[in-house]
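Generate the whole structure from the sequences, applying the supplied hints.
Just so you know, the sequences run in chain order A and B.
Each residue of the first sequence is one higher than the one before, counting from -7 in the numbering used here.
Each residue of the second sequence is one higher than the one before, counting from -7 in the numbering used here.
Calculated from the structure, these hints are not laboratory results.
One or more hints might be untrue.
Below 16 Å or equal to it, Euclidean Cα-Cα: the simulated EDC-like pairs (lysine to aspartate or glutamate) are [claimed, not checked]:
#, chain 1, residue 1, chain 2, residue 2
1, B, LYS171, B, GLU442
2, A, LYS194, A, ASP245
3, B, LYS12, A, ASP245
4, A, LYS121, A, GLU135
5, A, LYS487, A, GLU36
6, A, LYS12, B, GLU36
Here's a subset of chain B near chain A, in silico, CB distances under 10 Å, partners left out [to be verified]:
#, residue
7, TRP20
8, LYS25
9, LEU26
10, SER28
11, ALA32
12, LEU132
13, GLN134
Glycine included, C-beta positions come from ideal geometry on N, C-alpha and C.
2 protein chains.
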Amino acid sequence: MSLEILNELVALVRQNSYLKSSLALLEWDQQTKLPSQAGAFRAEQITFMAGEIHSRATDPRIGELLNELSTSELAEDPTSDHGATIRELKREYEKQIKLPNKLVQAIARASALSQQIWVEARRENDFSKFAPCLKEMFELKQEQADALGYDECRYDALLDEYEPYAKTSEVAAVLHALKDELVPLVAEISESGNQPKTEFLKRNFPIPAQEIFGREASAKIGFDYERGRLDLTHHPFCTELGPNDVRITTRYDDSFFNSAFFGILHEAGHGIYEQGLRSEFYGLPPGHYCSLGIHESQSRLWENLVGRATSFWTYFYSRAQQLFPTALGDVNKDEFVGAINQVSPSLIRVEADEATYDLHIIIRFQLEQAVIDGQLDTDDLPTAWNEKYQQYLGVQPDNDSVGVLQDIHWSAGLIGYFPTYSLGNLYASQFIDAASRDLGNLDELFQHGEFEPLKKWLNREIHERGMCFNSPELGEKVTGQGLSHEALMAHLRAKLEPIYAL
Amino acid sequence: MSLEILNELVALVRQNSYLKSSLALLEWDQQTKLPSQAGAFRAEQITFMAGEIHSRATDPRIGELLNELSTSELAEDPTSDHGATIRELKREYEKQIKLPNKLVQAIARASALSQQIWVEARRENDFSKFAPCLKEMFELKQEQADALGYDECRYDALLDEYEPYAKTSEVAAVLHALKDELVPLVAEISESGNQPKTEFLKRNFPIPAQEIFGREASAKIGFDYERGRLDLTHHPFCTELGPNDVRITTRYDDSFFNSAFFGILHEAGHGIYEQGLRSEFYGLPPGHYCSLGIHESQSRLWENLVGRATSFWTYFYSRAQQLFPTALGDVNKDEFVGAINQVSPSLIRVEADEATYDLHIIIRFQLEQAVIDGQLDTDDLPTAWNEKYQQYLGVQPDNDSVGVLQDIHWSAGLIGYFPTYSLGNLYASQFIDAASRDLGNLDELFQHGEFEPLKKWLNREIHERGMCFNSPELGEKVTGQGLSHEALMAHLRAKLEPIYAL
Chain A
-7 MSLEILNELV ALVRQNSYLK SSLALLEWDQ QTKLPSQAGA FRAEQITFMA
43 GEIHSRATDP RIGELLNELS TSELAEDPTS DHGATIRELK REYEKQIKLP
93 NKLVQAIARA SALSQQIWVE ARRENDFSKF APCLKEMFEL KQEQADALGY
143 DECRYDALLD EYEPYAKTSE VAAVLHALKD ELVPLVAEIS ESGNQPKTEF
193 LKRNFPIPAQ EIFGREASAK IGFDYERGRL DLTHHPFCTE LGPNDVRITT
243 RYDDSFFNSA FFGILHEAGH GIYEQGLRSE FYGLPPGHYC SLGIHESQSR
293 LWENLVGRAT SFWTYFYSRA QQLFPTALGD VNKDEFVGAI NQVSPSLIRV
343 EADEATYDLH IIIRFQLEQA VIDGQLDTDD LPTAWNEKYQ QYLGVQPDND
393 SVGVLQDIHW SAGLIGYFPT YSLGNLYASQ FIDAASRDLG NLDELFQHGE
443 FEPLKKWLNR EIHERGMCFN SPELGEKVTG QGLSHEALMA HLRAKLEPIY
493 AL
Chain B
-7 MSLEILNELV ALVRQNSYLK SSLALLEWDQ QTKLPSQAGA FRAEQITFMA
43 GEIHSRATDP RIGELLNELS TSELAEDPTS DHGATIRELK REYEKQIKLP
93 NKLVQAIARA SALSQQIWVE ARRENDFSKF APCLKEMFEL KQEQADALGY
143 DECRYDALLD EYEPYAKTSE VAAVLHALKD ELVPLVAEIS ESGNQPKTEF
193 LKRNFPIPAQ EIFGREASAK IGFDYERGRL DLTHHPFCTE LGPNDVRITT
243 RYDDSFFNSA FFGILHEAGH GIYEQGLRSE FYGLPPGHYC SLGIHESQSR
293 LWENLVGRAT SFWTYFYSRA QQLFPTALGD VNKDEFVGAI NQVSPSLIRV
343 EADEATYDLH IIIRFQLEQA VIDGQLDTDD LPTAWNEKYQ QYLGVQPDND
393 SVGVLQDIHW SAGLIGYFPT YSLGNLYASQ FIDAASRDLG NLDELFQHGE
443 FEPLKKWLNR EIHERGMCFN SPELGEKVTG QGLSHEALMA HLRAKLEPIY
493 AL
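As structure tokens, this is what we get:
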């Protein structure tokens, strides 16, 4: 009896997943293929689709079915596939019905339109052009937070969209502890007399060779190109358009090696997570990623903990020299590994090193909270941004394109999203320690090009669990410990102390 | 009062146009970008979307609004924007409500799945692999024809999907008259002692240079790349994803010049039509192409009547020699023009010359009618195909990949579509004569690279009229004459007599 009810519910949710993945295609296409003049219509189309999806997601029949199911025997074990399905669909339904359809459409429209204006404003280095969009978007997100409701602070309601069950105060505490150890470490590194050479990373790296190398390396670590694609974009991302259709994107700079290569490893890490979800649960909580913090742990793990390890380059460096003979012919492997692990406070988040990266996140996290709480006006964001960069990183942007305009997130309405990047860094270090515990010395594997044991471990321990556990529960289950900054700090020290002779 | 009703109707139709253009994107992506393993989910998604669109298109409210409007003053002038809107939406609504939603979904599913099987069957030259899909599709289309109803013959109901208001008997009569003059002309050409040299068209034409040339030429004739794209595919097509988003596709062969270049001009001709529709009527009959016959007239006009004219190459040939110095350095312009206008019976429709092309169409038209009328079994199509090729063209395919499996149409459910290609050839010749009458000597313009006067004339005379007239009415309005094979035959004789010294 309960199973019949569940089947009816699943059918309704599955139908909506066809619309959701159509919307995801409209958005992927907008970021990668859309003709320059087609933006206005695409924005209207996205608005309509978002409204349709919300209407279906709030179908009262879904509420009725969930009410019946949540007291049934199927819901008894909350971490079982059935239990998680009922729990998470109920949680989502109860959030969605709090949102007026008009607000959902207004946010979708503002997001689609203001991303286009953001691209222009960044290109023209003109914050004033973007300012009205930014103001409107933060106001809409305040309205969304108020509609959703919250216990401690308004930001909680937004954070929950990306990191379900997380609290702003808890995230702030762990990031605060992290910052307190990062700042002195970065200072110590800056003062070291042992700075690695890095100029060769800015030599000429022909784009066709970069593309070959990026595709080879991402396929080798486990991204399946029969179930995915790699395309060009302005602001790299990964999206999932179906159970066998995961698309990653990148951008190339022919005078900087790191940008595309580590970007591709990063997005491939996201893609490997999506490809590792159980496809029989597509569109349902057991086949859905746990949280964006866990998602980011997968991208950062492959990008940094694997991709910047000496053992990774023991395997890959000869291929790099073969593809880039002019740039790397006179550079030995250790010099190269030192260079790609250089720590240096800088302006651009996505190109930041592992040690300073989280300071970029803390800045955004604090600024977002201030605006959402009504303590900071969006027009004052450029000034506040520059002050924070001076304070935490000791650098100041020359212009807003490399400052407050650098990220796509606010234009896309992704407010409350940034802290999940730092959560990802923290989880990644804890997960790699747990994997080492289970699989033995990972460097032994990597130096022989054996990445599959780690990928399979991640599949089993993380990907295939979907949303059966929330992120703190999953972290605890996999690592035996709560979220902490200690694993990340230990990892950074172990890697950076020899390079900088600390 | 009537205007209010019309506005309500337009709003309902516009909403459905967002879903229709989302479905068009799903299909474009399927043909150009979809990862190899993602086909099954995409087919389910397309099926769902087709069902949704049909449900909305048959909303009884639309029927009520149309009933009120069709006796209102807005419907009085049937060729006005309001009149055409009401007339054509009513015609479409009355057709849609005859179709069961399950049948619409079944055809959409069969189409999405069997296109994938067709690609494999063609690659592996294995008709038996495709045969069950073909049988199912023809049965579904018979069912569709019976649901829609017809006066004279079942094929009429299918033809009407692509060429509204056309009758099979009328199309057959004009194609018969055309064939009676084409067959002796082709025979005369075959027997001529004056055959143009063509081997140089099969030299090496590097693909990057082909792409540059195709983009330059298509932009020059008027395809707007700020409102469109060019991508790679297996079977070239043009699709419209929004009022400023028209996408054309091609495939390159580095040892044959014609394939991509004339293919791009062809698809650009379709694209220029779509880009020339009035965007304020997007999704409505006055902003919709008239028929596929008229659509094809636009592609064939730019591909053949412009793109294979001596005057076109007076302007473009030095650029061709610059881009392909090895292949064309020792070939003069007249030799080149002779070669691209070679007439020679061949196996592949999309590569056929202007004189034999319509014989390929007549074969398909006759075979489709026979299957739809129940006189021919789909399993017997390969034999029947080969017999017809022997009869009309004097050639026989070595295998089914270059025979009955060559075209995508039947796998996609596009049955009744082929004759519109020949209608396009006929209309194209009549239109270019009318344009010459209005604009003077077109060759004078083309040889100086002036293509805009012709494009603007097409915009005004054809594109901007949308569906305000049906195709015979539009032909009459533009040319002052009814549909006839005479203009095409006169054009072929004028071009081919000097080349073949007939």
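Each hint, compared with the structure:
For the proposed pair B:LYS171 and B:GLU442, the alpha carbon gap of about 34 Å is over 16 Å, so the pair is violated. At most 16 Å may separate the alpha-carbon atoms for a hinted pair to count; A:LYS194 and A:ASP245 meet this at roughly 9 Å. Between B:LYS12 and A:ASP245, the direct Cα distance comes to roughly 38 Å. Violation of the 16 Å bound is thereby established for this hinted pair. Simply put, A:LYS121 and A:GLU135 have alpha-carbon atoms about 23 Å apart, too far for the 16 Å limit, and the pair is violated.
Among the hinted pairs, A:LYS487 with A:GLU36 is inconsistent with the structure: their alpha-carbon atoms are about 49 Å apart, more than 16 Å. For the given pair, A:LYS12 sits about 13 Å from B:GLU36 by alpha-carbon distance, which is consistent with the 16 Å threshold. Checking B:TRP20 against chain A by beta carbon gives a least distance of about 9 Å; that is within 10 Å, so the hint holds. About 6 Å separates the beta-carbon of B:LYS25 from the nearest beta-carbon of chain A, less than 10 Å, and the hint is met.
Against a cut-off of 10 Å between C-beta atoms, the interface hint on B:LEU26 holds, since the closest Cβ of chain A lies about 7 Å away. Evaluation of the B:SER28 hint against chain A yields a held restraint, the C-beta minimum of about 5 Å falling below 10 Å. Below 10 Å, beta-carbon pairs count as interface contacts, and B:ALA32 has one with chain A at about 8 Å; its hint therefore holds. Look at B:LEU132: its Cβ only gets to about 21 Å from chain A, farther than 10 Å, so that hint breaks.
The restraint placing B:GLN134 at the interface with chain A is violated, with a minimum CB-CB distance near 28 Å, outside the 10 Å limit.
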